[in-house]
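Keeping the supplied structure of chain A fixed, place chains B and C upon it in accordance with the hints.
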Amino acid sequence: MSRRVTPESNRLTVTGSGRSLEWFGLVALVALIAAQVLAVLTSPPERDMGHLQKILYVHVPAAWNAFMAFFVVAIASLMYLWKGRERHDLLAASAAEVGTVFTGLTLALGSIWGRPTWGIWWTWDPRLTSTAVLFLVFVGYLSLRSFVEDADQRAQWSAAVGLLGALNVPIVYMSVRWWRTLHQMQSNPSTVDPEYVIGLRSNGIALLLVLIYFILKRYRAARMERLVEHMAERAALEGRDRA
Amino acid sequence: MNTSEHSALKLEGLARRFGVRWALRGVTLEVRPGEVVGIMGHNGSGKSTLLRVIATVLRPSAGDGWVFGNHLVRNAVDVRRHIGFLAHSPGLYEDLTAAENLRFAAQMFGVAESGIPFVLERVGLGNAQDERVRGFSAGMQRRLALARLILGSPKLLLLDEPYNNFDAQGIQLVNEVIQEARRGRGGALVVLHDRRQGEHVLDRVAELGHGVVVGVSAGATPLSLVSAGGMTH
Amino acid sequence: MAFGQDLRRARAIMWKDLTTERRSKAGFNAVAFLGVLILLLFGFALGPDTEALREAAAGALWLAILFSGVLAFNRSYQLELDGGALEPLLLYPAPRWTIFAGKFGANLLFVLLVEAIVVPVAIILFQVKSTTGWGSAAGVMVLGSIGFVTLGTFYASMASRSRAREVLLPLLLFPMLIPVLLASVESSNALLAGNPMRDAGAWVQLLVAFDVIFVVASFLAFDHVIEV
Numbered sequence: 003m004s005r006r007v008t009p010e011s012n013r014l015t016v017t018g019s020g021r022s023l024e025w026f027g028l029v030a031l032v033a034l035i036a037a038q039v040l041a042v043l044t045s046p047p048e049r050d051m052g053h054l055q056k057i058l059y060v061h062v063p064a065a066w067n068a069f070m071a072f073f074v075v076a077i078a079s080l081m082y083l084w085k086g087r088e089r090h091d092l093l094a095a096s097a098a099e100v101g102t103v104f105t106g107l108t109l110a111l112g113s114i115w116g117r118p119t120w121g122i123w124w125t126w127d128p129r130l131t132s133t134a135v136l137f138l139v140f141v142g143y144l145s146l147r148s149f150v151e152d153a154d155q156r157a158q159w160s161a162a163v164g165l166l167g168a169l170n171v172p173i174v175y176m177s178v179r180w181w182r183t184l185h186q187m188q189s190n191p192s193t194v195d196p197e198y199v200i201g202l203r204s205n206g207i208a209l210l211l212v213l214i215y216f217i218l219k220r221y222r223a224a225r226m227e228r229l230v231e232h233m234a235e236r237a238a239l240e241g242r243d244r245a
Numbered sequence: 754m755n756t757s758e759h760s761a762l763k764l765e766g767l768a769r770r771f772g773v774r775w776a777l778r779g780v781t782l783e784v785r786p787g788e789v790v791g792i793m794g795h796n797g798s799g800k801s802t803l804l805r806v807i808a809t810v811l812r813p814s815a816g817d818g819w820v821f822g823n824h825l826v827r828n829a830v831d832v833r834r835h836i837g838f839l840a841h842s843p844g845l846y847e848d849l850t851a852a853e854n855l856r857f858a859a860q861m862f863g864v865a866e867s868g869i870p871f872v873l874e875r876v877g878l879g880n881a882q883d884e885r886v887r888g889f890s891a892g893m894q895r896r897l898a899l900a901r902l903i904l905g906s907p908k909l910l911l912l913d914e915p916y917n918n919f920d921a922q923g924i925q926l927v928n929e930v931i932q933e934a935r936r937g938r939g940g941a942l943v944v945l946h947d948r949r950q951g952e953h954v955l956d957r958v959a960e961l962g963h964g965v966v967v968g969v970s971a972g973a974t975p976l977s978l979v980s981a982g983g984m985t986h
Numbered sequence: 002m003a004f005g006q007d008l009r010r011a012r013a014i015m016w017k018d019l020t021t022e023r024r025s026k027a028g029f030n031a032v033a034f035l036g037v038l039i040l041l042l043f044g045f046a047l048g049p050d051t052e053a054l055r056e057a058a059a060g061a062l063w064l065a066i067l068f069s070g071v072l073a074f075n076r077s078y079q080l081e082l083d084g085g086a087l088e089p090l091l092l093y094p095a096p097r098w099t100i101f102a103g104k105f106g107a108n109l110l111f112v113l114l115v116e117a118i119v120v121p122v123a124i125i126l127f128q129v130k131s132t133t134g135w136g137s138a139a140g141v142m143v144l145g146s147i148g149f150v151t152l153g154t155f156y157a158s159m160a161s162r163s164r165a166r167e168v169l170l171p172l173l174l175f176p177m178l179i180p181v182l183l184a185s186v187e188s189s190n191a192l193l194a195g196n197p198m199r200d201a202g203a204w205v206q207l208l209v210a211f212d213v214i215f216v217v218a219s220f221l222a223f224d225h226v227i228e229v
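Protein chains in written order, with our numbering: chain A, 3 to 245; chain B, 754 to 986; chain C, 2 to 229.
For reference, chain A alone in the conformation it holds in the complex (with noise of 0.2 Å):
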């Protein structure tokens, strides 16, 4: 059956100035901004944690995206191993390197929420847990891509691992939150009262929308970097005649 990448297929072409993609950038921005402001003015102090509940509102958005984000890997890859066109595995590609830095900075803030909380610097909370896996699998795809040089076979691989990375991240949450359950540990933030709910829902679109602009941005990026290495490739093609 093996799908083969063919020449035609291929053909990257960059549209545009960029620009539509800017303004939209800084609406993302004024918008993360207004839903901050909005999240801090609107909740009164946690009765535990008081004022350090606000990390919340940059915590969990952050942990939605992340995972946004590695929903777009998996459609990305999906769609490179049944098209075979270059582009899908650019924007997995992307979407994977701006889904590591969401990653990393709901662990960072997860952690450093935890620290006053509960006089520790982690919890083995389970969407906690599973956000550390998932950065782990975030960071063995760019490594994947980072020692495999050729570009066919970069594409395969990391769309095959891409994919199965994401099978594995609902087995990892429900195998974690088991676990826990058997163990009887603390209890976790509450992401569903009434009071924060507006708050973390006006960030998390807002965060999406930052989630958007940058893995767009990163993709273009890429697309350039590939446009210009094709133009390379044809030039080489055509100056053969040097026998």
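No wet-lab data here; the hints were simulated from the structure.
C-beta: ideal position from N, C-alpha, C; glycine also.
Treat each hint with caution, since some may be false.
[Unchecked claim] The calculated SDA-like cross-link candidates involving lysine to any residue, where the alpha carbons are at most 20 Å apart (straight line), are: (1) B:763 - B:887; (2) A:85 - B:957; (3) B:908 - C:224; (4) C:26 - B:848; (5) B:908 - C:93; (6) A:85 - B:828; (7) B:908 - C:90; (8) B:908 - B:887; (9) A:85 - C:218; (10) C:26 - B:847; (11) B:908 - C:94; (12) A:85 - C:41; (13) A:85 - C:224; (14) B:908 - B:863; (15) B:908 - B:956; (16) B:908 - C:5; (17) C:130 - C:41; (18) A:56 - A:149; (19) A:56 - A:148; (20) A:85 - B:824; (21) C:26 - B:885; (22) C:26 - B:850; (23) A:85 - C:93; (24) C:26 - B:887; (25) A:85 - B:829.
[What the hints assert, rightly or not] Not close to chain C: a few residues of chain B, all C-beta gaps over 12 Å, as computed: (26) 765; (27) 817; (28) 822; (29) 827; (30) 835; (31) 846; (32) 873; (33) 877; (34) 879; (35) 880; (36) 898; (37) 920; (38) 935; (39) 948; (40) 968.
Just chains B and C, lined up with the frame of chain A:
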């Protein structure tokens, strides 16, 4: 697929790169059924890469190729059924015996194992069949690799410097196999660095330079610089 | 008809891998000894209190198996790469899944044999004492091994052919094995504590689901990653 309608091998602008280096930059070549074509060129001219792309070991970066009408990329599985590839390194399992290597090959090819003793005798390894390949000389390993090739009954032979490491008997053996392919209306593409080695079997010789065909000559006579091949897009 | 031929091909590859391994003599002994050594180190790190050791036994055992077993997977491709045998292997008119099936079978047998040595040592070193549940615990061991070997065989097909193969394989493989680790350790502990279906049942179901999902996924994805 009715092989008598198609060339044994047809290449159009075949190109392959490794990173930024282009090993093949547009090879156009045809091998008619029953024809034996030699490939010559300096080191780095792309001879081995060309064979490996045709053998579907590597995928072309650009251009097209067909083996008996089967496209190298789209019908790779069918291409493999028609070819026999003798590479630089023999690619044998050193901890298995000669007979075990061939038995494995027979099972993978899906052919009967009963032909193995005969093939081993033919390549002169009848006495060594139960010895591990690890102890074989380079020449013996090549003979075994040739035996494996024969076992697959290929129509198009792809031979990368087949005369290396061979004594006179070995060279004769290679030529016999090539003649059989010719008689079966198959074909052969033979990479060599000395045209005298293929004196008696070659119909034509194509010279590769910097990844393209720079000249084709008939038989083993000195090269006439007829420009053949190049980029089609 | 053709499927029977493909099964024979898979079996041929499995036989070839196992025979090569047996004759080269290097791999199995080293891996089994490494497993034992890791158990010993865990003993030093976690003991010598008997209760602490007993609680940690299943976890230490599984980690010893993972760290030593991972060496087997790259080796199974190394024997193709060393002699340049991977190219001829890919040129046979055989569907790619037969290669995966053969290597999976060989690796599974290898890992199970390593476990046959490492498990008794763990029982002794960690003073595991239990009257019941051994059969089921062995079954869990096999289920966990299947998940381990399937993903190990899959990722090694890529890692063994890239740079930094020694670190890339664990880096890719271990995050994926977390559910296997949790499920195997938890269900083993439950079974040996005489608590069969209540606690262990859910974990065993997870293991079975994991195995089914990833055996299928690996077979399907192998086609894409084995080509050069």
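Restraint status (C-alpha distance of residue 908 of chain B to residue 224 of chain C at most 20 Å): With a Cα-Cα distance of about 26 Å, the restraint between residue 908 of chain B and residue 224 of chain C is violated, given a limit of 20 Å.
Pairwise hint evaluation, residue 829 of chain B against residue 85 of chain A, where the allowed Cα distance is 20 Å at most: holds (18 Å)
Distance restraint between residue 85 of chain A and residue 93 of chain C, which requires alpha-carbon spacing of 20 Å or less: violated (26 Å)
Satisfaction of hint between residue 887 of chain B and residue 26 of chain C, Cα-Cα up to 20 Å: holds (14 Å)
Minimum Cβ distance from residue 827 of chain B to chain C greater than 12 Å, as the annotation requires: The assertion about residue 827 of chain B holds, with a minimum of 14 Å to chain C.
Distance restraint between residue 56 of chain A and residue 149 of chain A, which requires alpha-carbon spacing of 20 Å or less: violated (40 Å)
Interface-negative label, residue 935 of chain B against chain C, beta-carbon threshold 12 Å: Check passes; 22 Å lies beyond 12 Å.
Least C-beta distance between residue 817 of chain B and chain C, which was stated to exceed 12 Å: Holds, because the least Cβ-Cβ distance between residue 817 of chain B and chain C comes to about 18 Å, which exceeds 12 Å.
Cβ separation check - residue 880 of chain B to all of chain C, threshold 12 Å: Fine: 21 Å to the nearest Cβ keeps residue 880 of chain B off the interface.
Pair hint outcome, residue 763 of chain B versus residue 887 of chain B [Cα-Cα no greater than 20 Å]: Violated. Residue 763 of chain B to residue 887 of chain B sits at ~38 Å, over the 20 Å cutoff.
Given hint residue 148 of chain A paired with residue 56 of chain A - CA-CA distance at most 20 Å: The hint is violated at about 37 Å.
Distance rule for residue 877 of chain B, whose beta carbon must clear each one in chain C by more than 12 Å: Per Cβ check, residue 877 of chain B is outside 12 Å of chain C; nearest 21 Å; holds.
Violation of the numbered hints given earlier is confined to hints 1, 2, 3, 8, 12, 16, 18, 19, 23, 30, 31, 36; the remaining hints are satisfied by the structure.
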